[in-house]
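Please work from the sequences and hints to get the whole structure.
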Amino acid sequence: MSENRDSFPRPIDPQTREPLALVEQPGYYPGYSTLREREHWEEATRRVVLDRVDAVPPLRYFAADDAAFWSIVFEHLLPQADRTPNRRVAIINAVDDRLGSDRSPGYRFADMPPDREAYRLGREAIDEESRAVHGGAFRDLTYAQREDVLSLLHDGRPRAAAAIWQRMSIHRFWQLIVGDAIDAYYAHPWAWDEIGFGGPAYPRAYTRLERGDPEPWEVRERRYSWAPPESARSDETENVRAFHIEAEQHRSHEPKERRR
Amino acid sequence: MNGVAVNGYRPKAAPMRRYDETESVDYLIVGVGSAGGVLLQRLARAGFRVVGLEAGPFWEPERDWVSDEAGSHGLYWEDPRVTGGSDPLALGANNSGKGVGGGSVHWAAFTPRLHPSDFRTYSLDGVGVDWPIAYDELRPYYEQLELEMPVAGPAYYPWGHPHGYPYGPHPMGGVGNALVRGCSALDIPVSIGGPVAILSGSHGERPHCIYRGFCIQGCKVGAKASTLITHVPDALANGAEVRDRAMASRIELGRDGRVTGVHYYDDAGAERFQRARAVIVAGYAIETPRLLLNSACPGFERGLANSSGTVGRYLMAQAGNVILGRFDELVRMYKAPPAHALTEEFYETDARNDFARGFAIQTVGPLPIAFAKQMMAAKKAWGWGLRREMMDYNHWAAFGLLGEILPAADNRVTLSEERDRFGLRVAHVSFNLCDNDRKLIKAGTEKTMEVMWAAGAREVVQEARYAHLVGGARMGNDPATSVVDRFGRTHDVPNLFVCDGSVLPTQGSANPGLTIQALAARTADYLVSAGDAIFTSTSERVEAEPPLRKDLAPPATWGKGVPRLR
Numbered sequence: 036m037s038e039n040r041d042s043f044p045r046p047i048d049p050q051t052r053e054p055l056a057l058v059e060q061p062g063y064y065p066g067y068s069t070l071r072e073r074e075h076w077e078e079a080t081r082r083v084v085l086d087r088v089d090a091v092p093p094l095r096y097f098a099a100d101d102a103a104f105w106s107i108v109f110e111h112l113l114p115q116a117d118r119t120p121n122r123r124v125a126i127i128n129a130v131d132d133r134l135g136s137d138r139s140p141g142y143r144f145a146d147m148p149p150d151r152e153a154y155r156l157g158r159e160a161i162d163e164e165s166r167a168v169h170g171g172a173f174r175d176l177t178y179a180q181r182e183d184v185l186s187l188l189h190d191g192r193p194r195a196a197a198a199i200w201q202r203m204s205i206h207r208f209w210q211l212i213v214g215d216a217i218d219a220y221y222a223h224p225w226a227w228d229e230i231g232f233g234g235p236a237y238p239r240a241y242t243r244l245e246r247g248d249p250e251p252w253e254v255r256e257r258r259y260s261w262a263p264p265e266s267a268r269s270d271e272t273e274n275v276r277a278f279h280i281e282a283e284q285h286r287s288h289e290p291k292e293r294r295r
Numbered sequence: 141m142n143g144v145a146v147n148g149y150r151p152k153a154a155p156m157r158r159y160d161e162t163e164s165v166d167y168l169i170v171g172v173g174s175a176g177g178v179l180l181q182r183l184a185r186a187g188f189r190v191v192g193l194e195a196g197p198f199w200e201p202e203r204d205w206v207s208d209e210a211g212s213h214g215l216y217w218e219d220p221r222v223t224g225g226s227d228p229l230a231l232g233a234n235n236s237g238k239g240v241g242g243g244s245v246h247w248a249a250f251t252p253r254l255h256p257s258d259f260r261t262y263s264l265d266g267v268g269v270d271w272p273i274a275y276d277e278l279r280p281y282y283e284q285l286e287l288e289m290p291v292a293g294p295a296y297y298p299w300g301h302p303h304g305y306p307y308g309p310h311p312m313g314g315v316g317n318a319l320v321r322g323c324s325a326l327d328i329p330v331s332i333g334g335p336v337a338i339l340s341g342s343h344g345e346r347p348h349c350i351y352r353g354f355c356i357q358g359c360k361v362g363a364k365a366s367t368l369i370t371h372v373p374d375a376l377a378n379g380a381e382v383r384d385r386a387m388a389s390r391i392e393l394g395r396d397g398r399v400t401g402v403h404y405y406d407d408a409g410a411e412r413f414q415r416a417r418a419v420i421v422a423g424y425a426i427e428t429p430r431l432l433l434n435s436a437c438p439g440f441e442r443g444l445a446n447s448s449g450t451v452g453r454y455l456m457a458q459a460g461n462v463i464l465g466r467f468d469e470l471v472r473m474y475k476a477p478p479a480h481a482l483t484e485e486f487y488e489t490d491a492r493n494d495f496a497r498g499f500a501i502q503t504v505g506p507l508p509i510a511f512a513k514q515m516m517a518a519k520k521a522w523g524w525g526l527r528r529e530m531m532d533y534n535h536w537a538a539f540g541l542l543g544e545i546l547p548a549a550d551n552r553v554t555l556s557e558e559r560d561r562f563g564l565r566v567a568h569v570s571f572n573l574c575d576n577d578r579k580l581i582k583a584g585t586e587k588t589m590e591v592m593w594a595a596g597a598r599e600v601v602q603e604a605r606y607a608h609l610v611g612g613a614r615m616g617n618d619p620a621t622s623v624v625d626r627f628g629r630t631h632d633v634p635n636l637f638v639c640d641g642s643v644l645p646t647q648g649s650a651n652p653g654l655t656i657q658a659l660a661a662r663t664a665d666y667l668v669s670a671g672d673a674i675f676t677s678t679s680e681r682v683e684a685e686p687p688l689r690k691d692l693a694p695p696a697t698w699g700k701g702v703p704r705l706r
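Residue numbers (my numbering), protein chains in the order written: chain Z, 36 to 295; chain C, 141 to 706.
Certain hints may be false.
What the hints assert, rightly or not - Quick partial rundown of chain Z residues pointing at chain C, CB under 10 Å, derived from the structure: (1) G62; (2) T119; (3) P238; (4) I280.
I should point out that these hints are in silico values taken from the structure, not numbers from a laboratory.
None of these values were measured; they are calculated from a predicted model.
The beta carbon of each residue, even a glycine, is placed where N, CA and C say it ideally should be.
See the structure below:
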């Protein structure tokens, strides 16, 4: 498959190797919708969740060029190319909103700058890495080349930007940007539908606590096979169970298991 | 679509009394959390004029809280802090509450007691330090607070000093069932359905649990105990004032060596001063030392009540590794309270181990955002790999290791050069594991993984992390090595007290919330018993254990059958 800088390949059917059709709701719970249950939620929760869907905050912190850059990064960190465009979660807007209000999680690691500075330095480092590995700015690389660059950061083995990585921990930086993507995506009811999370249940309650049984409004799981795009580097996971101590675990990046 | 209208649980509220700042109140309590809420209630009921300063808001749960992970960040201390050392601690949502109720708003509400051995770790095992009190002195307060919260759990709890619980155990969720299955396969005793301060039946005006799973996002139902609903309403009914959104900045020391009140910033950012005849700092393990250090003054250049140099030291977190197991069958771990089963079979020192002290294994129930970050840490998942792992969310169960980490002088809170929005120097937290800690964490993690395999998991991974905070202003008999005496009175200043998790000399493998509230009730009884002597300039100290004042308990405490063990 030929790729250009604007393409984000879709996951494939492992038998036919053909790209999957775009769907509004990927995952193993077809027909399940948390939002359909919203009349059973109390008002404060309904307002917070519906605002997340209907009132995406406009960009206000990132310059347009930075927003375009980070949008591409987030599409690698938490890809949504299997989703129809109308059902993709606006991760960049959520991150922009957090940085815009300078909201922190309540602490900063001593080997990290404040989050705004980390994003600024991070963009420089990713572009330097891109030039060192593939001879161009990150946004000018192909999808596969960008996956290369980001997987080097994931593994904590950068080939460039040593000065920046001396000022901030590459591993904590990785946790920061993937964590921000997670905060945005898995806060969204479309992601809840994808993974079969029941969502808010006050005041109605959960009543079927055992054996993974569904509530009357939940659905049963229906699994299917899928594989990531051929050129993706992110379908590997590693088992870091040998690292019992947090300071060791967050530094450890030794790819051990590939699913394919 | 309007949806369901909820008239949520709300404690009956009397109009709150307001004290004038120029009026010297009897007790000014800094921090209305787990300890501060209990102190406020006891002292008000005993007739003292009491004000609680709370940095965060006075919550209205039905209006302010949501069944939503991302929408709940306001419950946590999000003001800046710096965390370092060889093993830096995550803070914020991990362990630091803000707002009336403090940590008891976002705790999972596991309420095991400490064991008798926890009070004598140095004598028994040559590690840590002995407490200035024994289990028997705290035991009546454990029993008392288990009624006041109240706690649900089994009729026979076998570990430490065996006892039973006033409310019946909760039904099992998928995670609890996995823990029971794994422990049973390995012949490990397990406590089913508690102990947890969540109502398995209604209590007074409070309704029972609905198993919605959002315990640590604040219980809108009113089933989980927080001092916001268990003690603060009775405090207000008895004339206490809670001044919320009030950030304490400095404790004022008078010429006679006694404190005269506390400087604070109000919601509008204006500097104010509340006079008081005695001050109790109850800001938890980071903000308490920070306030004492920020209150340095002539005579106490290293920080108020810090002649020993101990303020901020001996900070502790517990090992909180999360062990995740993937099952063929569905689990749906978002249902049921995260806290509903545990084992303390490995709690005590075992001569066969290469380390002292031990650990507990407990249920946890991460919701999607927390679980995704665990997949990021445990499996280094990102991109399509993360999407794939998350699609299996409903197949995973999670156990929490809770391992004792020993107190060390260099694990400490100091002041950073950075300043917060009030211009106050922020806390710098430094944390470093010792050899015993590392061995204990490794053994505890491996044992917990063994239980997960025995439960039938097809894949087992773990995320290394820490849970809870205690220490930083520890109690002791020796003024040279501790900050407060066995009742929470600072050794240096006769009318300045510390009462919260920071006074714990060691921590065991028990979640600290119950112990913190029990210590607060005991300190309150001491203050009530001492009466006006606290407010006079004499430095003579009453050393007798105070009588237990059951008459100072909140309404609805009594009339419960408690399984009684001989």
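Here's how the hints hold up against the structure:
no.	hint	verdict
1	G62	5 Å, holds
2	T119	16 Å, violated
3	P238	5 Å, holds
4	I280	6 Å, holds
Hint 2 from the earlier list is the only one contradicted by this structure; the remaining hints agree with it.
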